[in-house]
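Using the numbering used here, read the sequence shown as starting at 51 and increasing by one per residue.
Please keep in mind that the hints were generated in silico from the structure rather than gathered at the bench. Note that CB positions come from ideal geometry on N, CA and C, so glycine has one too. One or more of the hints may lead you astray.
Unchecked claim - Simulated restraints, written as ranges between beta carbons of each label pair:
1. Phe74 x Ile363: 21 to 31 angstroms
2. Asn325 x Lys104: 14 to 24 angstroms
3. Asn171 x Ile76: 24 to 34 angstroms
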Amino acid sequence: MRVDSEKSNKKNIVFFVKHGLDSFLIDIINALSHDYVTKKIVVTNLKQIDEGMKCADICWFEWCDELISYGSKLDIAKEKNIICRIHSYESFTEYPCNVYWKNVDKIIFVAEHIRNFTIDNFNIDKEKTMVIPNGIDIPKWTFQDRKPGFNIAYVGYINYKKGPMLLLHTFKAIYDKNNQYKLYIAGKFQDTRDVLYFNQMIRAFELENNVIYEGWQDNLDKWLEDKNYILCTSILESQNISVMQAMAKGIKPIIHNFVGANEIYPQCLIWNTINDALEMVTNNKYDSQEYNYFVKNNFEFQDQIEKLKALFIKVMISIKRN
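Turn these sequences into a full structure, and let the hints guide you.
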């Protein structure tokens with residue numbers, strides 16, 4: 051009876067997300083479940099949103115997509131506390147145009163540059179927005195003091211946003227400096243054209259023994275253990291979680307100056323030209339403690355959870371204005 055009573059006093063948070071897009075939610079829901087009654091609804095039919103919103107004190111829509119577009123226009127939305135979290139890709143689509151933002155209490159962005167772009171392009175009230183980055187659960191990543199070496203990691207999907215051509219050409223320059231370097235790829239191709247290009251250029255560059263594609267990795271902590279660097283060649287990121295996870299392990303990041311990079315990472319970790327990247331890999335400057343501390347000090351997971359809890363309190367005591 052006491053347990054039921056305690057549960058009844060907790061506020062209900064219902065998370066709405068499409069199938070396969072909940073990877074950023076899993077740890078958040080687990081962490082919040084100590085203080086809230088949490089429920090995740092993987093939406094396959096929009097009518098699930100009608101039912102889910104009825105029992106929610108807070109409705110969390112993960113991603114700005116069809117789900118928030120539908121949910122924000124329901125009559126019940128006028129009386130519910132609604133949060134939408136935007137990552138980045140949504141801001142380059144028409145999805146934000148289709149949301150009835152008047153019924154949304156708070157919009158969470160994971161990065162300042164994505165917030166600014168979205169506000170400027172979709173006439174969103176900045177007062178409704180805030181930035182809470184994705185957190186890194188530091189204890190999950192095995193830290194040790196590391197040294198320069200010859201194993202370079204790339205982690206993530208391989209598509210045009212990730213700069214696959216730049217990835218290969220950058221590694222070729224590094225290889226030409228010293229052919230002991232190897233590029234290990236943990237990820238998944240999303241376009242067959244990239245597969246064809248990689249196969250062709252790896253042969254043309256004679257890198258068959260130095261570019262190792264190992265597919266998607268479920269245990270990234272283990273896979274990264276023997277890597278000395280993590281290379282990012284993206285054109286735009288909200289954060290690049292895999293780079294931060296590697297940094298938490300003490301691995302040196304080699305980060306291309308993607309849109310937003312200067313607002314997230316120290317300048318000393320960012321490169322503009324391939325020669326810059328080559329210099330960062332070969333200059334023997336290496337400080338595992340510094341990389342780990344940067345993530346711990348700015349993106350620690352529990353810190354972000356506390357920001358969310360503070361937001362929930364603020365949202366629930368505010369008066370819904372319609």
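Cross-check of the supplied hints:
no. : hint                                : verdict
1   : Phe74 x Ile363: 21 to 31 angstroms  : 22 angstroms, holds
2   : Asn325 x Lys104: 14 to 24 angstroms : 59 angstroms, violated
3   : Asn171 x Ile76: 24 to 34 angstroms  : 30 angstroms, holds
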